[in-house]
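Letter by letter, the chains look like this.
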Amino acid sequence: MTFTGAPTLDLQRIGLRYGRGPEVLADIDLTLPQGSFTFLTGASGAGKSSLLKLAYLSLKPSRGLINLFGQDVSTLRPSELQVLRRRIGVVLQDFRLIDHLSVWENVALPLRVAGRTRSDYIPDVNELLNWVGLGHRRNALPPTLSGGEKQRCAIARAVIAKPDLLIADEPTGNVDPEIGARLLRLFAEMNRLGATVLIATHDVNLIEEVTARTFHLQDGQLREHRT
Amino acid sequence: MIEPLANQQPLLPARPEQGRALLLVLFVMAFLAALALLFARGADRLSDRWTAQLSQSSTVQILIPNEAARAPQMAAAQDLLQAAVPRGTMTPLTRAEAGALIKPWLGGGDLPDDLPVPGVIQIDSPIKLPVETLERQFADAGLTTVIDDHSRFSGQLKQTVGRLVLLGSALVGLIGLAATAVSMFATRAGLAAQRDIIHVLVQAGATDGFIARLFVGQATRRGLVGAGLGAIAALFIWIVISFGPGQGSVGWRGLGDGIIDMIALAALSFAFGLICALAAGWASLRQLRDERRRA
Numbered sequence: 001m002t003f004t005g006a007p008t009l010d011l012q013r014i015g016l017r018y019g020r021g022p023e024v025l026a027d028i029d030l031t032l033p034q035g036s037f038t039f040l041t042g043a044s045g046a047g048k049s050s051l052l053k054l055a056y057l058s059l060k061p062s063r064g065l066i067n068l069f070g071q072d073v074s075t076l077r078p079s080e081l082q083v084l085r086r087r088i089g090v091v092l093q094d095f096r097l098i099d100h101l102s103v104w105e106n107v108a109l110p111l112r113v114a115g116r117t118r119s120d121y122i123p124d125v126n127e128l129l130n131w132v133g134l135g136h137r138r139n140a141l142p143p144t145l146s147g148g149e150k151q152r153c154a155i156a157r158a159v160i161a162k163p164d165l166l167i168a169d170e171p172t173g174n175v176d177p178e179i180g181a182r183l184l185r186l187f188a189e190m191n192r193l194g195a196t197v198l199i200a201t202h203d204v205n206l207i208e209e210v211t212a213r214t215f216h217l218q219d220g221q222l223r224e225h226r227t
Numbered sequence: 001m002i003e004p005l006a007n008q009q010p011l012l013p014a015r016p017e018q019g020r021a022l023l024l025v026l027f028v029m030a031f032l033a034a035l036a037l038l039f040a041r042g043a044d045r046l047s048d049r050w051t052a053q054l055s056q057s058s059t060v061q062i063l064i065p066n067e068a069a070r071a072p073q074m075a076a077a078q079d080l081l082q083a084a085v086p087r088g089t090m091t092p093l094t095r096a097e098a099g100a101l102i103k104p105w106l107g108g109g110d111l112p113d114d115l116p117v118p119g120v121i122q123i124d125s126p127i128k129l130p131v132e133t134l135e136r137q138f139a140d141a142g143l144t145t146v147i148d149d150h151s152r153f154s155g156q157l158k159q160t161v162g163r164l165v166l167l168g169s170a171l172v173g174l175i176g177l178a179a180t181a182v183s184m185f186a187t188r189a190g191l192a193a194q195r196d197i198i199h200v201l202v203q204a205g206a207t208d209g210f211i212a213r214l215f216v217g218q219a220t221r222r223g224l225v226g227a228g229l230g231a232i233a234a235l236f237i238w239i240v241i242s243f244g245p246g247q248g249s250v251g252w253r254g255l256g257d258g259i260i261d262m263i264a265l266a267a268l269s270f271a272f273g274l275i276c277a278l279a280a281g282w283a284s285l286r287q288l289r290d291e292r293r294r295a
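Protein sequences appear in the order of chains Y and W.
What the first sequence shows, in our numbering, is residues 1 to 227, in sequence order.
What the second sequence shows, in our numbering, is residues 1 to 295, in sequence order.
Hint data in this document are derived by calculation from the structure and do not stem from the laboratory.
Be aware that a few hints might be false.
If the Cβ cut is set under 10 Å, some of the chain Y residues that face chain W in the computed set are [as the list claims (entries may be wrong)]:
1) Pro22
2) Pro78
3) Ile88
4) Val90
5) Leu92
6) Gln93
7) Asp99
8) Leu101
9) Leu109
10) Arg112
Residues of chain W placed beyond 12 Å of chain Y at every Cβ, according to the derived structure [to be verified]:
11) Pro10
12) Thr89
13) Leu167
14) Leu174
15) Ala178
16) Ala189
17) Leu288
Here are the in silico distance ranges between beta carbons for each label pair [what the hints assert, rightly or not]:
18) Y:Ala114 to W:Asp196: 16 to 24 Å
19) W:Ala14 to Y:Gly21: 36 to 44 Å
20) W:Arg292 to Y:Asp29: 21 to 29 Å
21) Y:Ala43 to W:Ala178: 54 to 62 Å
22) Y:Pro123 to W:Arg293: 46 to 54 Å
23) W:Ala21 to Y:Pro78: 31 to 39 Å
24) Y:Thr31 to W:Arg293: 27 to 35 Å
25) W:Leu274 to Y:Gly15: 44 to 52 Å
Just so you know, even glycine gets a beta-carbon here, dropped at the ideal spot from N, CA and C.
When you get a sec, could you build the whole thing from the sequences and use the hints?
Below, the structure written as structure tokens:
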């Protein structure tokens, strides 16, 4: 598959260290072309989550350059960074659902933050909740959900605003194979509609389901594997 | 067709225990501020009433050389006063009435017959007494007089009340400062307690302004409710002072006083809410900026 246009994400010679510790990522170069589907693999502690945090602008690199949607993020003002963040959907490993909000409100959160009118997005949220199999749990609070349900809720929240870049950290780790396959179809559908997808996973079956580039992270270094 | 819950849920949790404690603090502060305001306004009104009463009343003392001269000198003084303030009401005091005025300073027993008790004429006049002209006219008529238009006393009263009003205003200001500090502290604590939610909001693209508005909304509601309850409690105390047994002279003397004080209390409650909102907005924006710098 060939891609044209400016890459969605371009990391150049990225280094990352926490405090005064050693570099957990060193000289990382990663380019995600617009509309690409990419897997990121690596052992636990290899730095996958740190790399994803850099990609979704939760961390600043110790060195190197991050270009997102064609913009050097180090030159952007905080308000401009927030506009960029609205174009990114993130599924975190620990879900980060808001406990006092219902499943429905959690999923609708990015639209609410973006200032959309509630009546406009009710059908979208309902449709997506049905798609991820949480329609009957719309008014449940996150603490009452199973791990798999929480994960589906987090995924629905990440994709509801139809992001240009979708980043997921172990998105199918807590769900059964059937739901996992369904969620993967959702990611593939988002990708078909133009979203760039980056998924960090241990799940070999997941990688085999989709034709995608795969990068392996080991000892802070990134290598590409063709699947 | 599935439907969400009818109402949009607040993005920040209510945290009822901390909220109640904070509400109590704001209630007490607003109650004290409202009482200080009511006392300051009451003292100001009282001063105005007394000053108005004093400005309409004056006293002329005629230092009578002997009792034989009392009647003619009193009559002469009365004639001059009548000419100077034709619309005034003269009340000449008898020797016994004038003596009764100085009796408290002389102790028990009757006044000696040969005590030179001055002649006293009390004047109630809608216009100010022309003191200098009268003094000249009395002197020309051979009368030794002392004219007291109470201006010295009313000046001292105004000055004292002015200080009381200033003190009351300073108290309201100090309490406002304390409310600002409390609101800022509560906002910072709220930001720390809701770190996870803020992280999610930031990741969803919420600006600092969006997040600050959540805390501003919470602080404003808390400030308005606390201040409203405090003002109502102070109002209740003031109603007791105004209409209860042994009603105080600083209380309300009419509907007008009550309405103006209630408007002042409503303004105070609004100002409290505004202070809480501004403090929360400032504290949250600053905290978010500092955390971003540290990240």
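Okay, the hints, checked on the actual structure:
1. Interface hint at Pro22 of chain Y: violated, since its Cβ lies 20 Å from the closest Cβ of chain W, which is beyond the 10 Å cut-off.
2. Given hint, Pro78 of chain Y at the interface with chain W, holds; its Cβ is 6 Å from that chain's nearest Cβ, closer than 10 Å.
3. With 10 Å as the threshold, the beta carbon of Ile88 of chain Y comes within range of chain W, its nearest partner Cβ sitting at about 8 Å, so the hint holds.
4. Of the supplied interface hints, the one on Val90 of chain Y holds, with its beta-carbon coming within about 6 Å of a beta-carbon of chain W, less than 10 Å.
5. Annotation: Leu92 of chain Y was flagged as interfacial toward chain W, and the flag holds, the nearest CB pair being 8 Å apart, inside 10 Å.
6. At a threshold of 10 Å, the smallest CB-CB gap from Gln93 of chain Y to chain W is about 13 Å, leaving the interface hint violated.
7. A least Cβ separation of about 8 Å between Asp99 of chain Y and chain W falls short of the 10 Å threshold, and the interface hint therefore holds.
8. With a cut of 10 Å, the hint placing Leu101 of chain Y at the interface with chain W holds, because the nearest CB-to-CB distance is about 5 Å.
9. Checking Leu109 of chain Y against chain W: minimum C-beta separation of about 6 Å stays under 10 Å; hint holds.
10. Annotation: Arg112 of chain Y was flagged as interfacial toward chain W, and the flag holds, the nearest CB pair being 8 Å apart, inside 10 Å.
11. With a minimum CB-CB distance of about 8 Å to chain Y, Pro10 of chain W fails to clear the 12 Å threshold, and the non-interface call is violated.
12. The beta carbon of Thr89 of chain W is kept farther than 12 Å from every beta carbon of chain Y, the shortest such distance being approximately 74 Å.
13. Here Leu167 of chain W stays apart from chain Y, with its beta-carbon at least about 45 Å from theirs, past the 12 Å limit.
14. Against the 12 Å criterion, Leu174 of chain W stays outside the reach of chain Y, whose nearest CB is about 36 Å from its own CB.
15. Residue placement check: Ala178 of chain W keeps its beta carbon more than 12 Å from all beta carbons of chain Y (closest about 30 Å).
16. A cut-off of 12 Å between C-beta atoms confirms that Ala189 of chain W is not in contact with chain Y; the least separation is 17 Å.
17. Look at Leu288 of chain W: its CB is around 9 Å from the nearest CB on chain Y, not clear of 12 Å, so calling it non-interface is violated.
18. Ala114 of chain Y and Asp196 of chain W have their C-beta atoms about 20 Å apart, which keeps the hinted 16 to 24 Å range intact.
19. One distance hint, 36 to 44 Å for the beta-carbon pair Ala14 of chain W and Gly21 of chain Y, holds here, with the actual separation near 40 Å.
20. Distance hint for Arg292 of chain W and Asp29 of chain Y: a CB-CB separation of about 27 Å, consistent with the stated range 21 to 29 Å.
21. At roughly 55 Å, the beta-carbon separation of Ala43 of chain Y and Ala178 of chain W lies within the given 54 to 62 Å, and the hint holds.
22. Between Pro123 of chain Y and Arg293 of chain W the beta carbons are some 41 Å apart, a value that contradicts the proposed interval 46 to 54 Å.
23. Restraint check, Ala21 of chain W to Pro78 of chain Y: a C-beta distance of roughly 33 Å satisfies the suggested window 31 to 39 Å.
24. A hinted range of 27 to 35 Å for the beta carbons of Thr31 of chain Y and Arg293 of chain W is consistent with their spacing of about 29 Å.
25. A hinted range of 44 to 52 Å for the beta carbons of Leu274 of chain W and Gly15 of chain Y is consistent with their spacing of about 48 Å.
In summary, the numbered hints that this structure violates are 1, 6, 11, 17 and 22.
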